[in-house]
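Student: Each chain, written out:
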Amino acid sequence: MTTTSTLVERPTDLRKTQKSSEAAYQKDARIGGGLMTGAEIFIRSLEAEGVEIVFGYPGGAVIGIYDTMHRLNPTFKHVLVRHEQGGTHAAEGYAKSTGKVGTVLVTSGPGATNCVTGIADAYMDSIPLVVFTGQVPTKLIGNDAFQECDMIGVTRSITKHSFLVRDVRDLASTIKKAYYIAGTGRPGPVVVDLPKDMLMASAPFHYPTSVSIRGYSFVQKGNAQQIKLAAEMIQESKKPLFYVGGGTIISGAAEVLTRIARYTNIPVTTTLHGLGSFPENDPLSVGMLGMHGTWFANKAVQNTDLLIAVGARFDDRVTGKIEAWAPHAKIIHMDIDPACISKNVPANCPILGDVKLVLEQLEPLVEPKDTTDWMVQIEKWRTECPMDFKRDGKLRPQEIIRALRDKTGGHATVVTDVGQNQMWGAQFFTYIHPRTHITSGGLGTMGFSLPAAMGVAFGQKGGGLPVISINGDGGVLMNIQELGVAAAHKLPLKVVILNNSYLGMVRQWQELFHGERYSHTDLSTTNPDFVRLAEAFGCVGLRCERPEDIQATIDAAWEVHDRPVVMEFKVIMEEKVFPMVPSGATTDEMITASEEDIN
Amino acid sequence: MQTQTAGMGLTPQQVFRKQAAGESIHPDGQDVLQRHVLTVLVENGLGALNRVANLFSQRGFHLESVSVGEAKDQSLRRMTLVTTGNDRMIGQVLRQLNNLVDTIEVEDVTHLDHIERELCLVQVRCSASERHVLIGVVDIFRATVVNITPDSLTFEVTGPPAKVNAFIGMMRDYDVLEVARSGRVAMRRELAFEH
Chain R
23 MTTTSTLVER PTDLRKTQKS SEAAYQKDAR IGGGLMTGAE IFIRSLEAEG VEIVFGYPGG
83 AVIGIYDTMH RLNPTFKHVL VRHEQGGTHA AEGYAKSTGK VGTVLVTSGP GATNCVTGIA
143 DAYMDSIPLV VFTGQVPTKL IGNDAFQECD MIGVTRSITK HSFLVRDVRD LASTIKKAYY
203 IAGTGRPGPV VVDLPKDMLM ASAPFHYPTS VSIRGYSFVQ KGNAQQIKLA AEMIQESKKP
263 LFYVGGGTII SGAAEVLTRI ARYTNIPVTT TLHGLGSFPE NDPLSVGMLG MHGTWFANKA
323 VQNTDLLIAV GARFDDRVTG KIEAWAPHAK IIHMDIDPAC ISKNVPANCP ILGDVKLVLE
383 QLEPLVEPKD TTDWMVQIEK WRTECPMDFK RDGKLRPQEI IRALRDKTGG HATVVTDVGQ
443 NQMWGAQFFT YIHPRTHITS GGLGTMGFSL PAAMGVAFGQ KGGGLPVISI NGDGGVLMNI
503 QELGVAAAHK LPLKVVILNN SYLGMVRQWQ ELFHGERYSH TDLSTTNPDF VRLAEAFGCV
563 GLRCERPEDI QATIDAAWEV HDRPVVMEFK VIMEEKVFPM VPSGATTDEM ITASEEDIN
Chain D
1059 MQTQTAGMGL TPQQVFRKQA AGESIHPDGQ DVLQRHVLTV LVENGLGALN RVANLFSQRG
1119 FHLESVSVGE AKDQSLRRMT LVTTGNDRMI GQVLRQLNNL VDTIEVEDVT HLDHIERELC
1179 LVQVRCSASE RHVLIGVVDI FRATVVNITP DSLTFEVTGP PAKVNAFIGM MRDYDVLEVA
1239 RSGRVAMRRE LAFEH
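Protein chains in written order, with this note's numbering: chain R, 23 to 621; chain D, 1059 to 1253.
One should not assume that every hint holds.
[Claimed, not checked] Using C-beta positions, here's what the derived DEER-type ranges look like:
hint: 1; chain 1: R; residue 1: His542; chain 2: D; residue 2: His1120; range: 34 to 40 Å
hint: 2; chain 1: R; residue 1: Tyr229; chain 2: D; residue 2: Gly1118; range: 38 to 44 Å
hint: 3; chain 1: R; residue 1: Ile235; chain 2: D; residue 2: His1120; range: 26 to 32 Å
Since the hints were derived computationally from the structure, they do not count as laboratory data. For glycine and all other residues, C-beta sits at the position ideal for the given N, C-alpha and C.
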């Protein structure tokens, strides 16, 4: 295609080019000829990329895209969210539950900056997103124009990569690259900044089938020598432990991991993001580790002689004081990101690769092991401090999470918010499938759950597992506006609000570490009536104040299929999340619920 | 359980980890920080330079000097970065740099045979009567006079950073008005007959 000359000869009369390019599109656009406006190229590129759903919010800089969307009726669905942050979280929920790349489309300036929290969240949790932000026309960039913001600059340290489109002829290939970078290797968010004039200018449309970016590559298989060494280390170990992170789920390695763990009789602990990668109802599962991990998982970590880290990054919420963590363990570390390996704890056996492929390479090299003594020891720790809670007639959040588990048998996608609700959701629901536990782990974004749950439900397109959104009374209000969107689309979300009238996790720290000075964590005077709020958004609102009503409330919620149900549980404010490794303490300094009672 | 990590009572695995990270195994010991010279080949354009520089502030790495210029391939730039850190930090710098989409090649040349050069301009207040003395010093460094006024001289000196340091040190006896250093540029040395 010789395109340059055509472009030069054609005047940039917008109406004319739009009309003619529409005609051209009808004739032969699909075979790669004809001119299209940037806005059309954008839409056709997303279609060619196989995008199913776009979460967006229009505005001046992207009005051309929305206009073209109206005229062309694209194959993807566009969901009008009510706040751009909600849109990015919805795209994250969609991406995490389906494994596909999430798409967000917003306007310039405030539309773009409203996405920043969601982009940072996706960056921390390795979620593939492509965020298209409108931008002022190229000639106005840097001019402090209306709704201008240097989005590339703002998001530089929270994106895997970003693009500013400076030539409409590069638009399609840039979109292709953006999806490729976002979805491959260690996934992450990519921002594509679209100046308004790029959407109005015209170019021939050709969506590339392949991508080549000379500075971008990622590993696939692991080094065979290293994997052989790992197999030997596993054979020699007496007290081995799998430490499994979110990378396992991202790479689709849950199945092979489960096979290897069961074949070799090696117990498994997972991180917050690893929940679901190994069935928690398996006797080899010791649950979650870390700051609010189980007593027995953390005990196992402190005593293991071989830690097999799979797609995990040795986060500070996992390790506590790092110098004293897993003091006896040799470490095998499998990860796709070279910068993750030995970042926090040097590995004895680093294996760079896609953990699914690495585990598949490892599988034929391992033998069944006799870990009876080790498992007996772990069972002793399990009985020492099981995951349980008081039943004294007060409404406790743990009992609600357990009831939700029993209602669904663990066959549900649970999307938690951040804080106490997140930890109880992680501790007391039993996760048995990958991609059924979704949360904001790295950034810890309050207000994540509701829009992310909405994204999960959109991804399931009516089928799939029930979607439960677990919230506190603090976080749920941070993106409550999306409830209206979920209602409009008749999504049968089960929205749980554990209302203790406090910012519970901060209150817990204030109680334990700040002399019970509850500075600005009391929400009772600013909380709305959640039942009436739900009804105002067109949802069903239910309230439960006593433990004996939990079951009836949940049963009633499960009878609703055509709209979201908001269940407000008035839980006691005194309940705290245990066990707990205080921030910066060693894992051996774990506080348990029973110790707390004695004090 | 506290005793095993107290004082010198490190487990063998903890000793391994500290040594692998270049950290001292003694409780009061100093980490071994080393200066490293990295050469990075990046895509042309401000975006790429921005990303590399940003990475250092984002990740809390030290950055002593940066120099950038066109590489052989005109669509690329070669950057020379000088940074300090222990082995773990330098390993992180290299891997994080490699992770950037805009970097084509990242190399730590510190322990390889390499050439390092720096250019420096020094402006010194100097009356006509002092000139010959000053120029005598400057000749030893094979520096050149690039500007002259009735009461100042500007010199250009090129060489390894140690030579530039020495030159600036020698100038301290005079009234130095301004110093501009280019930062290091480095390149691996091809060897033909040395071994």
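Student: Are any of the numbered hints broken by this structure? If so, which, sorted upward?
Tutor: Hint check: nothing fails, all pass.
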